[in-house]
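Colleague: The lines below spell out each chain.
2 protein chains.
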Amino acid sequence: MRDNTFALKKLEQAKVWVREAGIFLRDNIHQRLEISQKSNFSDLVTNFDKKVQEIIIEEILKAYPEDKILAEESGKNLVSFDRSQENFWILDPIDGTINFVVQQDNFAVMLAYYEQGQAQFGLILNVMEDKLYWNNAHHVFCNNRELVYNPKELSESLLAINSMIYRKNFYKLTDFSLKTLGVRMLGSAGMAYADLLEGKIVGYFSRLQPWDYAAGGILAGKLGFVTKTFKGEKPNLTDCQYVYSLPQHLVGQLVEETDVIL
Amino acid sequence: MRDNTFALKKLEQAKVWVREAGIFLRDNIHQRLEISQKSNFSDLVTNFDKKVQEIIIEEILKAYPEDKILAEESGKNLVSFDRSQENFWILDPIDGTINFVVQQDNFAVMLAYYEQGQAQFGLILNVMEDKLYWNNAHHVFCNNRELVYNPKELSESLLAINSMIYRKNFYKLTDFSLKTLGVRMLGSAGMAYADLLEGKIVGYFSRLQPWDYAAGGILAGKLGFVTKTFKGEKPNLTDCQYVYSLPQHLVGQLVEETDVIL
Numbered sequence: 001m002r003d004n005t006f007a008l009k010k011l012e013q014a015k016v017w018v019r020e021a022g023i024f025l026r027d028n029i030h031q032r033l034e035i036s037q038k039s040n041f042s043d044l045v046t047n048f049d050k051k052v053q054e055i056i057i058e059e060i061l062k063a064y065p066e067d068k069i070l071a072e073e074s075g076k077n078l079v080s081f082d083r084s085q086e087n088f089w090i091l092d093p094i095d096g097t098i099n100f101v102v103q104q105d106n107f108a109v110m111l112a113y114y115e116q117g118q119a120q121f122g123l124i125l126n127v128m129e130d131k132l133y134w135n136n137a138h139h140v141f142c143n144n145r146e147l148v149y150n151p152k153e154l155s156e157s158l159l160a161i162n163s164m165i166y167r168k169n170f171y172k173l174t175d176f177s178l179k180t181l182g183v184r185m186l187g188s189a190g191m192a193y194a195d196l197l198e199g200k201i202v203g204y205f206s207r208l209q210p211w212d213y214a215a216g217g218i219l220a221g222k223l224g225f226v227t228k229t230f231k232g233e234k235p236n237l238t239d240c241q242y243v244y245s246l247p248q249h250l251v252g253q254l255v256e257e258t259d260v261i262l
Numbered sequence: 001m002r003d004n005t006f007a008l009k010k011l012e013q014a015k016v017w018v019r020e021a022g023i024f025l026r027d028n029i030h031q032r033l034e035i036s037q038k039s040n041f042s043d044l045v046t047n048f049d050k051k052v053q054e055i056i057i058e059e060i061l062k063a064y065p066e067d068k069i070l071a072e073e074s075g076k077n078l079v080s081f082d083r084s085q086e087n088f089w090i091l092d093p094i095d096g097t098i099n100f101v102v103q104q105d106n107f108a109v110m111l112a113y114y115e116q117g118q119a120q121f122g123l124i125l126n127v128m129e130d131k132l133y134w135n136n137a138h139h140v141f142c143n144n145r146e147l148v149y150n151p152k153e154l155s156e157s158l159l160a161i162n163s164m165i166y167r168k169n170f171y172k173l174t175d176f177s178l179k180t181l182g183v184r185m186l187g188s189a190g191m192a193y194a195d196l197l198e199g200k201i202v203g204y205f206s207r208l209q210p211w212d213y214a215a216g217g218i219l220a221g222k223l224g225f226v227t228k229t230f231k232g233e234k235p236n237l238t239d240c241q242y243v244y245s246l247p248q249h250l251v252g253q254l255v256e257e258t259d260v261i262l
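For the protein sequence lines, the chains are A and B, in the order given. Counting in UniProt numbering, the first sequence runs without a single skipped number right up to 262 at its last residue. Counting in UniProt numbering, the second sequence runs without a single skipped number right up to 262 at its last residue.
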């Protein structure tokens, strides 16, 4: 990507908005959490979730009233736009809501931006550690530290995997995981993508909504990871899909040894 | 336990030794790790592991030459002593060796002390976050912060569980885990016990060596958790056993709904 086509101004603004959301969350996390329930108890939504979403959406629309926004707590009417043409944002105000509620730790704010349908940048804020993962046109950073891509072989690596996938050997991915040094389950896509970018895990397999993988997929892609559905497609930024992120050099082995399709 | 029977002097010394080990590890972790293999690649031993063990054992024996020591890297000849009578220490120089090697994060130094066979204190140092968990005769602390025991019901909690146990529904514990909000796999008993003490998880199920559960079991017990084998016994501080730690009020439900015995 050429520098002069990269949305640098929006990146700098977005970093401020996400960091402000992080400050708000850290300042208020020890207040009593008012927990509401969505479809079930595993899908907790807090008043903080909604509040953070309101803050960031307001900032975006104040600066860019024409931009589209897809966010976890949005109604369906906000998500209908042409993902191949529009300038749009994908927001997860609190990723890892259960961790947020139970642990008050290990959760993230995530924001991704696409210009005329083209991925520009992803932001993942590890809120409690105040670590912001972001990319520009060329590189990926954690705060001011540039991250390097140095993925190892499966046999020398750890894997993050969704518990249901692991429990059921879904797509033979549990078998695949046994070729690694072990699995890690963190309960947050943002935490998993942060570990992927840091080289703490080599791959991530889960069932994800667009706001779960948008920022992580952009960041990981900028480093050299592939992000695809288990059926070999580019994730569609619309539906909940089975999605993985893995170094390019391990995709052949994945396709050969599991039911995941190239 | 009455204050005048508690090994307070040894506690203060042990805190210094463990913190010194932590400083050594943080100062040297980015050196190239020389990795050796024990029985298999999942059982990595590093030169750091051995170095930390040497340092701490030397300190203990310099101050208390009569004390016995059980440590992960010890030969068999060091582990034969009467656990019901002796003054002894149990040391894990680096718990979570794979995390240490792969992630350079999420590992612990653990040390436990027993006087005339009676558990006195446990120390768990989260090395990279420099958080020391410890207990005196009455309370449990993380650095200078006293920890409180406020375990929730299963349905509002997270569980840490060994991946093999989870994969195989061993003792029906995967079924049991499905009554919680989810499972977490951290790859380190020390990290799991730290999360248990902090209330971030409500229980922990794994296959553990004495040095994996000694410090954690003492600390958790001081707060109010039960630590037992899956066969209902007190762990014997000798063999590798299936061990759990859980709040007392959840043990009945565990025994009723799984193959774990009271």
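By construction, these hints were calculated from the structure, which means they are not laboratory data. Quantities reported herein were computed from a predicted structural model and do not represent experimental measurements. Among these hints, one or two may not hold up.
Note that the list lumps identical chains together, so a pair holds whenever it fits in one copy or between two copies.
Here are the computed lysine-lysine pairs in the DSBU-like style, where the Cα-Cα straight-line distance is at most 35 Å [unchecked claim]: (1) 200 / 168; (2) 179 / 68; (3) 168 / 10; (4) 231 / 62; (5) 179 / 200; (6) 131 / 50; (7) 50 / 172; (8) 9 / 68; (9) 50 / 179; (10) 231 / 152; (11) 152 / 131; (12) 152 / 62; (13) 68 / 152; (14) 168 / 68; (15) 51 / 68; (16) 200 / 172; (17) 51 / 172; (18) 234 / 62; (19) 234 / 131; (20) 51 / 152; (21) 168 / 9; (22) 9 / 131; (23) 172 / 68; (24) 231 / 168; (25) 200 / 62; (26) 15 / 168; (27) 50 / 10; (28) 179 / 9; (29) 51 / 179.
Colleague: If a hint holds in the structure, say so; if it does not, say that too.
Modeller: Hints versus structure:
no., hint, verdict
1, 200 / 168, "both (24 Å within a copy, 26 Å between copies)"
2, 179 / 68, "neither (42 Å within a copy, 39 Å between copies)"
3, 168 / 10, "neither (42 Å within a copy, 48 Å between copies)"
4, 231 / 62, "neither (39 Å within a copy, 62 Å between copies)"
5, 179 / 200, "both (16 Å within a copy, 29 Å between copies)"
6, 131 / 50, "both (22 Å within a copy, 33 Å between copies)"
7, 50 / 172, "neither (37 Å within a copy, 38 Å between copies)"
8, 9 / 68, "within (17 Å within a copy, 64 Å between copies)"
9, 50 / 179, "between (41 Å within a copy, 27 Å between copies)"
10, 231 / 152, "within (24 Å within a copy, 40 Å between copies)"
11, 152 / 131, "both (24 Å within a copy, 30 Å between copies)"
12, 152 / 62, "neither (44 Å within a copy, 42 Å between copies)"
13, 68 / 152, "neither (38 Å within a copy, 41 Å between copies)"
14, 168 / 68, "neither (37 Å within a copy, 45 Å between copies)"
15, 51 / 68, "within (19 Å within a copy, 57 Å between copies)"
16, 200 / 172, "both (23 Å within a copy, 31 Å between copies)"
17, 51 / 172, "neither (40 Å within a copy, 40 Å between copies)"
18, 234 / 62, "within (31 Å within a copy, 62 Å between copies)"
19, 234 / 131, "within (28 Å within a copy, 42 Å between copies)"
20, 51 / 152, "between (40 Å within a copy, 26 Å between copies)"
21, 168 / 9, "neither (45 Å within a copy, 51 Å between copies)"
22, 9 / 131, "within (21 Å within a copy, 39 Å between copies)"
23, 172 / 68, "neither (38 Å within a copy, 47 Å between copies)"
24, 231 / 168, "both (18 Å within a copy, 27 Å between copies)"
25, 200 / 62, "neither (38 Å within a copy, 38 Å between copies)"
26, 15 / 168, "neither (39 Å within a copy, 44 Å between copies)"
27, 50 / 10, "within (23 Å within a copy, 50 Å between copies)"
28, 179 / 9, "neither (44 Å within a copy, 47 Å between copies)"
29, 51 / 179, "between (43 Å within a copy, 30 Å between copies)"
Checked against the numbered hints above, the structure violates hints 2, 3, 4, 7, 12, 13, 14, 17, 21, 23, 25, 26, 28; every other hint is satisfied.
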